[in-house]
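Undergrad: For the record, the sequence lines run as chains A and B.
Take 1 as the starting number for the first sequence in the numbering used here and just add one per residue.
Take 1001 as the starting number for the second sequence in the numbering used here and just add one per residue.
Simulated from the structure, these hints should not be mistaken for lab results.
Remember, it's a predicted structure, so these values are computed and weren't measured experimentally.
Ranges of calculated distance between the beta carbons of each label pair, as one might list FRET restraints:
1. A/Asp-64 to B/Ile-1071: 51 to 57 Å
2. A/Pro-15 to B/Leu-1055: 41 to 47 Å
3. A/Leu-4 to B/Ala-1063: 25 to 31 Å
4. A/Pro-15 to B/Ala-1311: 25 to 31 Å
5. B/Arg-1079 to A/Asp-5: 30 to 36 Å
6. B/Asp-1314 to A/Gly-167: 48 to 54 Å
7. B/Val-1051 to A/Asp-178: 43 to 49 Å
Here are the simulated DSS-like pairs of lysine-lysine, each with C-alpha atoms no more than 25 Å apart in a straight line:
8. A/Lys-174 to B/Lys-1107
9. A/Lys-80 to B/Lys-1318
10. B/Lys-1010 to A/Lys-12
11. A/Lys-12 to B/Lys-1107
Virtual Cβ for every residue (Gly too), placed ideally from N, Cα, C.
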Amino acid sequence: MGFLDTLLGRTKPVPPNLDALFALPSAAITLQAAADFRPTGTGSVCFRAAEGRAFADIEHDVRDLLAMDSEAKSAVRLSKDSYGYTWLVCTRSPDEIESLVTDLHAVNSSLEAGGFGPLLLCTLVAFTDAAGRRLGLVYLYKRGTFYPFAPQTGERRDNALELQVRGALGDDLKIEPDLGRWFPVWGAPGL
Amino acid sequence: MAQTRYATDKGLIARMGATMFLLGLVFVAFVVVLVEVLLRFSNVGNSGIIVIAVLLGGGMAFASYYWSDKIALRTAGARLVGPTDSEQAARLHAVVDRLCALANMPKPRVAIAPTYMPNAFATGRSSKVAVLCATTGLLDKLDNEELEGVLAHEMSHVAHKDVAVMTIASFLGIISALLVRFAFYSELFGGGGGRGRGRSANNNGNALPVILIVMLVGMVTYAISFLLIRLLSRYRELSADRSGALLTGRPSKLASALVKVTGEMARIPVKDLRAAEPLNAFYFAPAFSKSMGRSLSAMFSTHPSLEKRLAELDKISKQLSR
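If we strip away everything but chain A, and leave its shape as in the complex, we get (with noise of 0.2 Å):
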């Protein structure tokens, strides 16, 4: 924020950063070579619903949107979690990491061209191990950084397995470099 922003308390709503989500499918394929983690499938965005007929009638054709797109291919899901945030969940089958970033990236720029693109909370793939463990890559639009989010039974997270795929993905995605905002997100629906 700039000087006079600050003195005259107005804030500017933050845009989002939209073309970083494209490194998404090459950073898939390190993290299967490096650690072999599988995307599952799975993708979502999370937004905040501003009130009012305006954000509705966009929602309502974003999911018109992917839902005629793709036929029948992937799944569109619509969740809302208890923090009154909405997830935009999309199912593809799991090697089809490219279309799914698409889908997600169509998500972004309807909501961007509506004047909403402030709203953007984070997007979320999802992976998983051979064992069974959980592993979210978490893009913040705010920051155009991603992180690892992984899991584990209760709100505990494995924060062993975040460093370690921080490591792997250094060269292919922007890592957030604050700790403090690997922000955790709980229950996040498709993962």
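Following the hints, put chain B in place on chain A, whose structure we already have.
TA: Below, chain B without anything else, positioned relative to chain A:
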């Protein structure tokens, strides 16, 4: 398109700018008058109290700025909590986490005050050392989205650096209040006591008017700056409401939280008075002075009235659904 949906409130910004300009003007006038008085009656040697007032006032302002977080936490009896300390703390942390990710702000420390009164505050001189505090009453009474609205409002205070702005704004008020007091004491003790110089100056007919002028200037400055600071504070609250509502996209959730919180606050004293209900007719003044009292109390209060805040939030809600 994003431009129009998140339009800034030009009227609010203009009024806030004008208030700050007036405060600055009062400050300049204050300094000019003081210097003028001192130059004209330089033989009096009263400049000492002005230097002391400025130093002490500056010290007080700096202390309240630098330790704002600790002072506020101590006064509220709050303690810092981690995300795993309790269920309430986990919920508070989860809401704050999401807000920080939405607003791209570093996460403030989080505290809980064990009070039934639903309230929240944020302090700290910068967003790095900011503390966000909610009372247990607030956590009990609000649902997640209302809580988020309130916390978004408080985080806007952090983003707008309101602690710094209000400290600088109230600096003038502190100094002029100190000056009035010092001038009063120096007249009582310095003028009458062992200082022969003060006495002789008094005999010249100089010291008394100078002290009086300094006191008068201090009082007038204090009165004007007090009103302006309160006005500024109300504008800062409105803009925090605005930024918070735009951040969450749910102005009406903040509105309902406001109604709940202020309703709860207003109801607390009423409980005691209920037995005395029939007597109320004698206590409360008729409608005419009630409205006058209301506008007067509106001038002195740090927060805008509930009606005003709800009306502003309605505007944002309309803007968002356009």
